[in-house]
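Colleague: Residue numbers (our numbering), protein chains in the order written: chain C, 1 to 259; chain Z, 1 to 357.
Hints may be right or wrong, so weigh each one.
[Stated by the list, open to error] Only pairs whose alpha carbons sit at most 20 Å apart, straight line, appear in this in silico DMTMM-like list of lysine to aspartate or glutamate:
#1 Z:LYS6 <-> C:GLU5
#2 Z:LYS7 <-> C:GLU133
#3 Z:LYS329 <-> C:GLU5
#4 C:LYS63 <-> C:GLU5
#5 Z:LYS6 <-> C:GLU133
#6 Z:LYS7 <-> C:ASP146
#7 Z:LYS17 <-> C:ASP146
#8 Z:LYS7 <-> C:GLU5
Since the hints were derived computationally from the structure, they do not count as laboratory data. On a predicted model such as this, the values are computed, not experimentally measured, just so you know.
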Amino acid sequence: MPFFEALGVSVSFGGLTALRRVGFEVNQGEVFSIIGPNGAGKTTIFNCISRFYDVDEGRFIFKGRDLTRVSPHSVAELGIARTFQNIELFRNATVIENLLLGRHRHRRSNLLTEVFFSGSVRRQEVGNREKAEEVIDFLDLQAYRDQTVAGLPYGVQKIVELGRALTMEPELLLLDEPSAGMNMEEIEDLAFWITDIKEELGITIIMVEHNMGLVQEISDRVLALNFGETIAQGAPREVLAHPEVRNAYLGEEEAFASG
Amino acid sequence: MRFIMKKDYYQDIRLFKYRSTFFWYAALIVGCGLVPLVLDDYLLSQLTFVCMYSIATVGLMLLTGYTGQISLGHAAFFAIGAYTSAVLTSKGLPFLLALPAAGLLAGLVGIFIGLPALRLSGLYLAIATMGFSFIVDEILVRWESLTRGNMGMIVEFPSIGPFSFSTETRYYYLTLTVLVLTLLAARNILRSPTGRAMIAIRDSEVAAQAMGISLARFKTTAFAISAFFTGAAGSLYAHKLTFINPESFTILVSIEFLAMIIIGGLGSLHGAVYGAAFIIFLPQVILMSKNYLPTYLSEQTGLESALYGLMIILFILFEPLGLYGRWLKTKFYFQMFPLYKKDTFRREKKFFKAERR
Numbered sequence: 001m002p003f004f005e006a007l008g009v010s011v012s013f014g015g016l017t018a019l020r021r022v023g024f025e026v027n028q029g030e031v032f033s034i035i036g037p038n039g040a041g042k043t044t045i046f047n048c049i050s051r052f053y054d055v056d057e058g059r060f061i062f063k064g065r066d067l068t069r070v071s072p073h074s075v076a077e078l079g080i081a082r083t084f085q086n087i088e089l090f091r092n093a094t095v096i097e098n099l100l101l102g103r104h105r106h107r108r109s110n111l112l113t114e115v116f117f118s119g120s121v122r123r124q125e126v127g128n129r130e131k132a133e134e135v136i137d138f139l140d141l142q143a144y145r146d147q148t149v150a151g152l153p154y155g156v157q158k159i160v161e162l163g164r165a166l167t168m169e170p171e172l173l174l175l176d177e178p179s180a181g182m183n184m185e186e187i188e189d190l191a192f193w194i195t196d197i198k199e200e201l202g203i204t205i206i207m208v209e210h211n212m213g214l215v216q217e218i219s220d221r222v223l224a225l226n227f228g229e230t231i232a233q234g235a236p237r238e239v240l241a242h243p244e245v246r247n248a249y250l251g252e253e254e255a256f257a258s259g
Numbered sequence: 001m002r003f004i005m006k007k008d009y010y011q012d013i014r015l016f017k018y019r020s021t022f023f024w025y026a027a028l029i030v031g032c033g034l035v036p037l038v039l040d041d042y043l044l045s046q047l048t049f050v051c052m053y054s055i056a057t058v059g060l061m062l063l064t065g066y067t068g069q070i071s072l073g074h075a076a077f078f079a080i081g082a083y084t085s086a087v088l089t090s091k092g093l094p095f096l097l098a099l100p101a102a103g104l105l106a107g108l109v110g111i112f113i114g115l116p117a118l119r120l121s122g123l124y125l126a127i128a129t130m131g132f133s134f135i136v137d138e139i140l141v142r143w144e145s146l147t148r149g150n151m152g153m154i155v156e157f158p159s160i161g162p163f164s165f166s167t168e169t170r171y172y173y174l175t176l177t178v179l180v181l182t183l184l185a186a187r188n189i190l191r192s193p194t195g196r197a198m199i200a201i202r203d204s205e206v207a208a209q210a211m212g213i214s215l216a217r218f219k220t221t222a223f224a225i226s227a228f229f230t231g232a233a234g235s236l237y238a239h240k241l242t243f244i245n246p247e248s249f250t251i252l253v254s255i256e257f258l259a260m261i262i263i264g265g266l267g268s269l270h271g272a273v274y275g276a277a278f279i280i281f282l283p284q285v286i287l288m289s290k291n292y293l294p295t296y297l298s299e300q301t302g303l304e305s306a307l308y309g310l311m312i313i314l315f316i317l318f319e320p321l322g323l324y325g326r327w328l329k330t331k332f333y334f335q336m337f338p339l340y341k342k343d344t345f346r347r348e349k350k351f352f353k354a355e356r357r
């Protein structure tokens, strides 16, 4: 049984087909990248996994469970964390509070014990802090710990979002264009972190990414999409060299030749 | 500026950040306890109203300031609390049970009112909750066998055992105690997962879901908690006035609650209390200052209402963070003295604007 599997997934919005019978498998412990030009349907895949969109046909299977039938918040409870293309942080909260929210799926307390802040709630909260501080340490966020997210630079906000996903201690991590808006230095750091997340924390990653250098460097396998259809799938080098992929990214042969 | 060496994680969570903070809160409580020695009955009763309204605004603050769900229906929860307590005590139930029962029933109704919030937000939610408030009002008027309709109900002074809260001072202590308990409970909720989930829903519903937060569950929870506190405040209100009728719980009360939390400063518990104090004492201050005005001004009709409205408008214009924001700035000024720059807070605001997508 594969760790994560998409089976013939189709999605359309009105007359527009966003995904047409897309299928792929992700093995445990690998970095799986999804590439494709704008509008190819990459983020749509993520939004279907998160249950923000309904699929028309097909299924997503995570560890043998059909994801297309659960409610949006249960996806996180099953152990799938994600980041967003346009940063969806809790803007008026501090970095540490954002990270602590990642602990929500590990909540063991109930409203009554929380009102009295009983010993068990206290222990749980101290545990949550410990985990959040570990992530702060891991991603070098100490300097921003108590700052409000809204005032932070874009690149840092992206890292905070990654951190929030990590405090969830997920088994599968969905990264939506993690390097967008980052400078070269930040992208290098990101490459190290993603590799560390895979190797040290043992988290499987599915990543949508436009930076081909990063894709080639860190992914184990790549899926290329164009207009909602699979055009190539396999090892990064092969996929990036695939003529149809080059076509999709660079247009016609002539454009490619001159560019 | 003060720096503390943190040695364990609990230091980040505890109620009082510094030892001095604890000292000041203790001093405040002692001060509030001593107030009846100085104030006359009239002012003391105004202070009782501040405490009472604060309990309700803490409830509304949790819902609007922290969860981001607006409500124009809190007068209804207030009314449900008041009538529940009035009816139960008239049937012989002790006040000590009627007070939480009033909160619980309001909370229960709050769950149902939370349901439309799953589909509505902003102005639409405001209208829906307002509609609910009209329904409750209508029920109170029509259900004469229970509420005596527009004739109103006489409510007894509350008592615990043989001890009756019949004097101003005793009632003040009762309300103050309930307020302190309310604030403690609210603080505890806010520093645990439920409170964080509420803030998450306010800032980004999409991200909240991605964290595993069930919108349905936590929005209704927020409504229930909020209604619980407001209902308890309603019970205290009924026993303070010893007479209630549906006219005491009109839409104006809901609007007043909203004005209190906005003037106090959305998103802070301090703000809930400051706002209540401001709205209740403002008319008093205006009345008192009337004596110092020239006669042709002070005898104008409608002067109070006009000044009252003007003050609120000015506040929202020049201090959008509310009284609590003003307090933070003043505190910061003294902490940073003499390095404080006038632009410290302004720059941040400009940045917000540029960042807005």
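Colleague: Return the numbers of the hints above that this structure violates; sort them in rising order.
Modeller: Violated hints: 1, 3 and 8; rest satisfied.
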